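There are 4 protein chains.
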Amino acid sequence: MNKESAILFLSCIDRKGIVAEITHFITMYEGNILNCDQHYDESGMFFMRVEWDMNDFAILPEKIESAFEPIAVKFEMDWRLEFSSDRPKMAILVSKYDHCLYELILRSRAGELNTDIKMIISNHEDCRPIAEYFDIPYYCFPVTKETKAEVEKEEIALMKKEKIDVVVLARYMQILSSQLIEAFPRKIINIHHSFLPAFVGAKPYHQAFSRGVKLIGATSHYVTEDLDQGPIIAQDVVRVNHKNSVSDLVEKGRNLEKSVLSQGVRLHLEHKILVFGNKTIVFD
Amino acid sequence: MNKESAILFLSCIDRKGIVAEITHFITMYEGNILNCDQHYDESGMFFMRVEWDMNDFAILPEKIESAFEPIAVKFEMDWRLEFSSDRPKMAILVSKYDHCLYELILRSRAGELNTDIKMIISNHEDCRPIAEYFDIPYYCFPVTKETKAEVEKEEIALMKKEKIDVVVLARYMQILSSQLIEAFPRKIINIHHSFLPAFVGAKPYHQAFSRGVKLIGATSHYVTEDLDQGPIIAQDVVRVNHKNSVSDLVEKGRNLEKSVLSQGVRLHLEHKILVFGNKTIVFD
Amino acid sequence: MNKESAILFLSCIDRKGIVAEITHFITMYEGNILNCDQHYDESGMFFMRVEWDMNDFAILPEKIESAFEPIAVKFEMDWRLEFSSDRPKMAILVSKYDHCLYELILRSRAGELNTDIKMIISNHEDCRPIAEYFDIPYYCFPVTKETKAEVEKEEIALMKKEKIDVVVLARYMQILSSQLIEAFPRKIINIHHSFLPAFVGAKPYHQAFSRGVKLIGATSHYVTEDLDQGPIIAQDVVRVNHKNSVSDLVEKGRNLEKSVLSQGVRLHLEHKILVFGNKTIVFD
Amino acid sequence: MNKESAILFLSCIDRKGIVAEITHFITMYEGNILNCDQHYDESGMFFMRVEWDMNDFAILPEKIESAFEPIAVKFEMDWRLEFSSDRPKMAILVSKYDHCLYELILRSRAGELNTDIKMIISNHEDCRPIAEYFDIPYYCFPVTKETKAEVEKEEIALMKKEKIDVVVLARYMQILSSQLIEAFPRKIINIHHSFLPAFVGAKPYHQAFSRGVKLIGATSHYVTEDLDQGPIIAQDVVRVNHKNSVSDLVEKGRNLEKSVLSQGVRLHLEHKILVFGNKTIVFD
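Residue numbers (my numbering), protein chains in the order written: chain Y, 8 to 291; chain H, 8 to 291; chain Z, 8 to 291; chain C, 8 to 291.
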């Protein structure tokens, strides 16, 4: 919506005058503030996301960081700057299930996702026709226990070469190793097919069926070294009952997964998420 | 949560520098900004809710309005100022159904609602024992077509005398006349037992049953002269099916009504609502 | 799931012994009852859906109707018989928006919808590539006020020739005339992009925006002569707030529409719906 | 609704003719079948709940069991018989939080719960005024580690003496020992304040806060020897976000708990639940 805006994320220990100092900085250089959100947690931390119009802003985009640096130092901030005009480049990793892949592509084409899908990477050939139909490069890297480390290196090289900004695991059935995770820190989004932290690990629908829950869930989260333990971005649930077999749960879950993954990816692409510790602050 | 804070609501035509000017005003007088929310609509209007800590604030509460006046004039703002320490005084109007009445009293006692329930007014005696148990003054004003205008005058006088700030219609089965509505502008909250604008008017559950809808709803809204047409604050729905009779809808609806009314009342009491035209901006 | 089962739907005035008579009929001929659902409404009507395994059933499928006739006559039943092995043939009517079309095709291919999509009919060329990719015949019939009656006749002829069992309006932007509706009675399913009966007719998202509702909905229903007044099959809602523009509602609504339409179509294809008057009984 | 009906629950290995045999049994003795639900699981088990009108039924209530016995033996059924006219006698166990207690009492008085609340048992005096206001006997049994076994014996004796049919733990902050659980098998319903199996045990809201989930839940379930592991009856969730402190979760959770506990209790009281293994079949 705001084609040309700058977005500043920051966190620091709460002190008086932070909001005013930042808004003053922006206004002093003729920036019109579009959104300004804050959050305080109970440990005394302060978090902020502020977005302003870059039209008429007196500082060039590439100079903002150095201009802002003194304020950041003064308040000992963790911070980052993004631009709404930056259109993140996405790689989608997928195995055989195609429902999340289709959903991401279709939402992207419908203008719901601010991204260029630069490539689809898979350990199987199954989804290649989809890539061809939508004219997206498709790379197939079969993975075995022996080749995994080597294959991941190739994948990293490929994604780095194409300047990939965000990696989406769209029901990708391989556990990523540290090297891949570290290559894209806080840039890998996964969909787990349960309401985390319930049913971590393999076959969550089987676990849910066997426990007799009355709702099943899906969770999109950033990938960290701890399996299914990364910061949660979005979650939702759908009602099930005793009539539903495991395959009914899989079917209901499929439609939940594609929705919850899309929500998580959208929030990331719209520059709305600040990760702090193992939690997300979603300024939405 | 913030015992001593000031909350400024404003709306005006959008121009550059509003946010900065306001945050500068607050900070200049040593106010620590706690929350700052903005909204822009597509017609070019700007809306803001900003809350700051009154501890250390250099201007006395009663002097803030005149200190802020020049800024308001400059930007041609509509604005109002509230204080979190102001605990609104509530009157609850009720007829015979007691579920919303109980919910409001119990949530208030549990600390969920920032209010003093000063009185219960009814056109029936049925709820008097509840008032007595919870030690709340109960006033019974039987209403007939002939006496209605006169009775409302007495009710207004009573509420004005007790400095009532917010009037909650907790399934009150009388249509208020203009004089009462005008006496408490944007301070009367009603619960309508449908998903407005569907099923306006009488017997919405019967209407819903007869239309065969698969969800029923409830809506809390400010009361205006147009029946069931005032600004909507909160809405929710619950699933129904062909097995449900009208009386099942009434039962399911009862639990929805008490929840949706409480949500609407809570948002009002927490100073989170800005009404513009016939819509609410809920800064939550 | 039950590849070879018979499904009997019936309605009649409630009397003692109906369930027993029907279950006795089925068992007498060696049918194993798989599901047996009843419903009674308050006007004294009885409704039933009973499904039994056709393996070992002593009556041939084509002879069941005449064998059952005496019971139907005795209780003055309205009734119909369906077979789970009958795979309904679907025609999808679409204009330019492709999200519902994709959803139906993808769910069908994923095995969620028990149907053969035999054709896509449109008044525009836009969706032809989708049809080609998925290898479904695509017929484009441009419609003008003058040609509408003639075009519909051709469409009816085409669908009758292909023995279409169910017609799905997947955001088809033409109002059907009586001749088309009558040609496929209770076999045309539409998605309306509001929570009916709120916001009947054109531009429901604009209506919802302008009323300031806090939830938007979608409704799948059978098409009757009265626009947006047919029996409701499925409904759902999604939360919106003041930040959402009309185009945000359109986007959120798009994902709701595809889900609610799919639910409605699935229930129809799984032989779970009995229409009585202007309401549906969904045996699910 | 059906004042005088019998309800038969049964489970056995699936075989042809069960439904017909049972419906024939009922009809042979002039019973009008009101509801007949079945369920098959994938291991080949058959489950049934059938309800019939006792008016005109030729067998006296106390004779039905022996009349039905031969069928039960033939199919090797687990079965039980209940009567809608049996109004279960309830004991509510509560500690200090009163929100679930109020909800159960108020819903019971509103006619939503088919029960007589015969007593409230607590380990604290806090809720006594509520009991007095609603005229329900209140028994206070302070519990210490040393006295626990002895106290439970007294509680069991008291509940047995009053012929208690169902025990509801309305946020009762004591873990029941085996003797109490065994004294009321499948008759004790608890509310756990999380979406089980996530956040088993103490302080689930703190656990949820610390994990950063985007939804919190509540679960009503039958109490078994394994803490928070019993058969789940009902579950629901509510959305939370980073702004919510632990105490906000507690508040949101409170309203969820009272709703989910009431749902679970209602299903039990309406004779709609069949427990099989560690799961519930809810015929609703």
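Please note: incorrect hints may appear among the correct ones.
As the list makes no split between identical chains, a pair holds if one copy fits it or if it spans any two.
Unchecked claim - Here are the computed lysine-lysine pairs in the DSSO-like style, where the Cα-Cα straight-line distance is at most 27 Å:
hint: 1; residue 1: Lys160; residue 2: Lys81
hint: 2; residue 1: Lys194; residue 2: Lys170
hint: 3; residue 1: Lys23; residue 2: Lys279
hint: 4; residue 1: Lys250; residue 2: Lys23
hint: 5; residue 1: Lys250; residue 2: Lys194
In short, the hints are calculated from the structure, not lab data. These numbers come from a predicted model, not from an experiment.
Do the hints match the structure? See the list:
1. Lys160 x Lys81: neither (40 Å within a copy, 60 Å between copies)
2. Lys194 x Lys170: Result: close within a single copy only, 12 Å intra versus 51 Å inter.
3. Lys23 x Lys279: both (24 Å within a copy, 23 Å between copies)
4. Lys250 x Lys23: between (57 Å within a copy, 20 Å between copies)
5. Lys250 x Lys194: between (39 Å within a copy, 23 Å between copies)
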